[in-house]
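S.K.: Spelled out, the chains give:
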Amino acid sequence: MFFCEHMGCVVSVFVFLSVSVLLAVLPLAEVNAQTSSEPGTPGQERSEPEASDVRLGYIRAYAPQLALSVLDVPPRDEGVAGANVAISDNNTTGRFLGQKFSLDVVEVKPDSDVLSVFDAMAGRGISTILADLSAGQLLTLADAAQAKGIIVFNVGATDDRLREEDCRANVFHTAPTRSMLADGLAQYLIWKQWRRWALIYGSHERDRLFADALRRAAERFGGEIVAEKEFADTGTARRTDSGVVQIQRQMPVFTQGLAEHDVLLVADESEVFGTYVPFRTWQPRPVAGTAGLMPSAWHPASEQWGGTQIQNRFLKATGRRMLSKDMAAWTAARIIGEAATRTRSADPKEIAGFIRSEDFSIAAFKGQKLTFRQWNWQLRQPVFIGDGRSVVSTSPQEGFLHQFSELDTLGIDRPETKCVLK
Amino acid sequence: MQKRPTSVAIMLATVFCGGLLGTRPAEAFMAYVSNEKDNTVTVVDTASGTVVKTLPVGQRPRGITISHDGKFIYLCASDDDTIEVIDTETLQIVDTLPSGPDPELFVLSPDGKTLYVANEDDNLVTVIDIESRDVLAEIPVGVEPEGMGISPDGKTMVNTSETTNMAHFIDTDSHEITHNVLVDSRPRFAEFKPDGSEVWVSAEIGGTVSVIDNASREVKHKITFEIAGLRSEAIQPVGVRITADGKKAYVALGPANRVAVVDTATYKVEKYVLVGQRVWQLAFTPDQKTIISTNGVSNDITFIDVASDEPVQSVTVGAMPWGVVVSPK
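Protein chains in written order, with the numbering used here: chain V, 1 to 422; chain E, 1 to 329.
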């Protein structure tokens, strides 16, 4: 959205896409499904499963975006592609249970009205919505959905406030928060004993929010922010023919005079300067944050924990590598699939009830089961720490302990939460 | 080499395991370990606990098994999309079998004629006739097929799918799925009891082993694991092996670095044997006196004495050992 302010970009007119994945119903074998909470009773009724539809909606705020590096321009189907792969996975499983899953994708302009789109979706009988929207749009959607008993999965917004003061009882978050990402990065830097950080941050709201998350992480894990500096966005074009000549001279000067530090942290979600920091600093120092070493919910090069399999599947389906938002959307759609399988039901109430239960968990190629924080419906998850090429580490780091789950060392924990679910 | 040490020697060897190479309390068998990371198979003499040879093989070797006469090793070279056949006399790769894409694990039929292969990337189980090298069938299963077990009578094959979370029971005559049994997250391995009465399915992320009754095809019991000082997330069951007499089961617990010993009558965990890091697969020696674990992160294998359930010796192999099989000879 910030790109549009400067670039005068053309916002696509309301696009309406309807993607539904249909699979031929194969001959159904007998299925003996049991959840862990239900001990098997021999001779229990074995009715033939009836074909039932689970229809998911996907509402996405989209406008073409620019980036400092053309390599970082988001793919056209970012997020949606992950949901589509999960729908296909769900349908492979659904074949055995007579369940069919479909995805109904609608795009809106950033910060435009979402209510009319929501009403149309609800009218089509959609009971679960995946949302890749701004915080404001998401809250509008959530409140309208609440009135109709529809649950929402936030797959895009990293704003902590959506899990804190603005949390909602019908919104599940598969995207991590800024504080989870910042904590994951901070733990790694502390593990490396690189404790003195200089912080440069952008002048837009989301840059400031990520800078706040980094400051909080420093305090939490024993890092020290020895210097701070704002990089004001003066509305320059992101790419010009000879821009690189100037940048090579400007960035050293901008970073000159920062107090002695081990790592230079960058908070530039708006893509105004961050990519230009590594290798151009006054002092030879590693760069981390939104440039250099970056925390993320997924890494396109992760092959650990069976990751190769989802990466291959995603590549085959889309022709590109899987990104964090794709993984957040895949996980959300898989959570619905898992709940439908375990409850053997397409009933939204049963599905939502199962997801809310204490022992719900999902496997998502991150080395351990992922569960929801019951107090704000944020999905606990490890955070990848990587550069543009490879995974460097995964947080939580060894030694960061927690009385309940080590994953709760990432982000705002239960005793600190401002969330009151309603 | 066929040594039969006295019982005193057995005790000594157990006590001084590391220092008494060559007097290990077992007949000499050859263990073959697939090393996923460095594309090799390590051949280990189980009597002396020494590495005899390291063979270069195809890319990303994982599942490994051996013909019933001990003449040929079958090896899933996952990233080469093939199954390699290794002559155990010459230790040369003598043939390849058409496996379908990304073969990970497989199981050999009791008559030794048919190989059932899990193709992770294509949601298929491929059935291969070893003699003719024909693909007899491709059976669509759930997402990310992995574990493969076969009943002692060869009539039923069980495949587990890691994202679908089911054990698929397949009739080996019709090549059709007859039952789908829902188990916990990321089922990795299926092992029939020697009497064919039960199938044990491990769930890596779920942290459990489901015991499925082979008559009703329903989960009759779920085994859970608890280790003091370890979080439940670190307990990730993978490989399962049951003794020939059907009395004890061994379950490899991944990053918990332990192998659980389970009483198959009570389903109680009797012991946790500390082995190496990230233990995944297991194999008995043919005399059933020793069970060997592959410890991926510590690049070694551990010999566990089946009588005492004590770890006896660890042997360094290649990088990231994945699977292991022991020659019947």
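None of these hints come from the bench; they were simulated from the model. It cannot be assumed that every hint is accurate.
Within a straight-line C-alpha distance of at most 20 Å, the following computed SDA-like cross-link-like pairs (lysine to any residue) qualify [what the hints assert, rightly or not]: (1) E:Lys37 with V:Phe360; (2) V:Lys316 with E:Pro140; (3) V:Lys316 with E:Lys222; (4) E:Lys222 with V:Thr343; (5) V:Lys192 with V:Lys316; (6) V:Lys316 with E:His221; (7) V:Lys316 with E:Glu176; (8) E:Lys222 with V:Val392; (9) E:Lys222 with E:Ser185; (10) E:Lys248 with E:Val211; (11) E:Lys37 with V:Lys229; (12) E:Lys222 with V:Ser361; (13) V:Lys316 with E:Lys37; (14) V:Lys192 with V:Asn170; (15) V:Lys109 with V:Leu71; (16) E:Lys37 with V:Gln311; (17) E:Lys37 with V:Val70; (18) E:Lys37 with V:Leu139; (19) E:Lys222 with V:Ser390; (20) E:Lys37 with V:Ser393.
S.K.: All hints, please: hold or fail.
M.R.: Verification of the hints:
1. E:Lys37 with V:Phe360: At roughly 34 Å apart (the allowed maximum being 20 Å), phenylalanine 360 of chain V and lysine 37 of chain E break the hint.
2. V:Lys316 with E:Pro140: Answer holds: lysine 316 of chain V to proline 140 of chain E is near 18 Å, not above 20 Å.
3. V:Lys316 with E:Lys222: Given pair lysine 316 of chain V, lysine 222 of chain E is violated - Cα atoms ~36 Å apart, limit 20 Å.
4. E:Lys222 with V:Thr343: holds, 18 Å
5. V:Lys192 with V:Lys316: violated, 37 Å
6. V:Lys316 with E:His221: violated, 38 Å
7. V:Lys316 with E:Glu176: violated, 27 Å
8. E:Lys222 with V:Val392: violated, 37 Å
9. E:Lys222 with E:Ser185: Satisfied, since the Cα-Cα distance of roughly 13 Å is no more than 20 Å.
10. E:Lys248 with E:Val211: Satisfied, since the Cα-Cα distance of roughly 14 Å is no more than 20 Å.
11. E:Lys37 with V:Lys229: violated, 45 Å
12. E:Lys222 with V:Ser361: Holds, because 17 Å separates the two Cα atoms, which is no more than 20 Å.
13. V:Lys316 with E:Lys37: Violated. Lysine 316 of chain V to lysine 37 of chain E sits at ~24 Å, over the 20 Å cutoff.
14. V:Lys192 with V:Asn170: The hint is violated at about 39 Å.
15. V:Lys109 with V:Leu71: Violated: lysine 109 of chain V and leucine 71 of chain V sit about 23 Å apart, past 20 Å.
16. E:Lys37 with V:Gln311: With a Cα-Cα distance of about 18 Å, the restraint between lysine 37 of chain E and glutamine 311 of chain V holds, given a limit of 20 Å.
17. E:Lys37 with V:Val70: The given pair, whose Cα atoms are some 34 Å apart, is violated under the 20 Å limit.
18. E:Lys37 with V:Leu139: Violated, at roughly 47 Å.
19. E:Lys222 with V:Ser390: violated, 38 Å
20. E:Lys37 with V:Ser393: The given pair, whose Cα atoms are some 18 Å apart, holds under the 20 Å limit.
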